[in-house]
Amino acid sequence: MNRAMALNLTLAVLCLATLCCACLLGSTALSAGAVLSSLVGNGNPMDQVVVWSIRLPRALAAFLVGFCLGVGGAALQGLLRNPLAEPGVLGVSASATLLATLAIYYNLVALSPWILPAAAIVGALLSTTVLAAAAARTHSAVTLILIGFGLSSFAGAIMSLLLNLAPTPFSLADMVNWTLGSVANRSFADIGLALPFLFAGCVLLFRQRSGYTLLALGEEAAAAAGLGVARLRLLTVLGTGLAVGASVSLAGAIGFVGLIAPHVVRPLVSHDPARSLLPAGLLAGLLLMLADIGVRLLSSAYELNLGVLAALLGAPVFIALVVRRENSHG
Amino acid sequence: MSLDYCADQYLLQLADRSQILALSPDATKSFSYLRDEAHGLPSVRATAEDVLSLRPDLVVRSYGGGPLVGSFLERAGVPVVQLPWVVSVDGDSQSSVTAAISLVAARLGQDQRGRELIAEFRLRLRNVRAQGATGRAMYMSAAGFTSGSGTLISDLLATAGLQNYETRSGWHPLPLEALVYDTPERVASSFFGVASNHKNAWSAARHPIANQLRERGSTITLDGATTACGAWFIADAAEALAGVRVP
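Protein chains in written order, with this note's numbering: chain A, 190 to 519; chain B, 1261 to 1507.
Isolated chain A (complex conformation) (with noise of 0.2 Å):
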């Protein structure tokens, strides 16, 4: 077996075990045996509705929001060839949340629940397109996370005013909800709503993960090995919108996952880019399902919003990053 696939495999069974003891925690006291045979189909039936019902979408949602921001970050990093390319930092969760926040406004969602991860897929399409255009044309790394921060900023203060004009008092809270991030109450009706969009956005990454192993050997003699450069970016650009669109909808925005995770993984894959994107998925996953764990252990009557803690504790790992980088850059 090789590296590669030891770390997956590791990835994988710490996350369902992480799945597991997600599901042990909640506001009524459930033994870890009744939550086990809960989650196998047996015992006490309402153990089960809670279980099932409650606590497992949960879980489920945060794993599925930090695979999506993990393969999509990892996938970012690849196009771009930037380590600090990440959905949150780069602006494309802001716009997809503007653009979900815009369909809730209007009442567009009233038409049809598909509109919101649509919404939501148009939004974080919106600013991956900007972003592999400016690739396309600038060489700089830092200029494209300029870019990025702008697009973020813009969304943010449509953002702001959306709030600022609140029609009710009753719909700021909606709202401050969607920049907050969070899986709390999500049922599996709301995953479901998500999936496909999810899926497909990670298996269009997934595809063109050679693609980014070319491309780290520069445009040129990527393009010279017979990799159509354009298609790629064109496929990555589809692919992160519709993983980081649907993840947003379900959750909202949550920053810097997408970030550290592939940060992680790289030197373990030996900074091969077609490899980092399972096991960044899967580590984002689990530093979601801990993040989410690490939310509820926390709060006391008021429940933290999961994307403030990530950011908590994301933000100074970003820092960290940009400084190290500037250092060994000279």
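No lab work stands behind these hints: they were computed from the structure. There may be inaccurate statements among the hints.
Which chain A residues face chain B? A few, computed with CB under 7 Å, are given here [stated by the list, open to error]:
no. : residue
1   : Gly215
2   : Met235
3   : Val239
4   : Ile243
5   : Asn366
6   : Asn374
7   : Ser376
Yeah, the Cβ is synthetic: ideal placement off N, Cα and C, and Gly gets one too.
Since the structure of chain A is provided, determine the placement of chain B on it from the hints.
Frame of chain A; chain B shown alone:
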């Protein structure tokens, strides 16, 4: 003049129409109980400059304009009536609906109208109590919150003869897990599709468990306008809970 939709209700009910200089922009919204009466009256934004330029003799507010506007207006020589944060329907405390009515009525020089309103309010509450409804009820807002002791909603349930499902004090997110094991006989739901057309995408009230509970048939849907603000029309909600009126 009044600075928020809650203060608007008191002004619309207790003042002569000619006494009203302006209402808040929310006075005609769906969560404003006396929205029909508010039509045709001017509105004012709750900023100090807009308020002062109209030269009001009295300003009524609960939250409108933010916490500093009260003392600012007082310094500028405009008396301000601060509505209390209402947590009970009746009683001696300053934070009851009846105390709030007396307070505003006195400042408007409409004591008689205030006494009449309180008398009618108490009569309606007596009828509600006489109905003698029993059982446990849980309040569920569309935003996914329930209300425990020390809140107006809790006092409202008690007035209707119902025992509050939520035993902790204050406001809490819906206890979804506890609801699986122990369901209340009735659910009093509010704000579903009334106060806001924006369904909260994060609300625990969207969860299948909460939906099942609401669809079970023992749900009393309260008009959001009757509970959005602590005032005499909370009696509408009490009547709906006790089954005196069909909501």
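### Message
When the structure is checked against the list of hints, which entries are broken? Sort them ascending.
### Response
Checked against the structure, no hint fails, so every one of them is satisfied.
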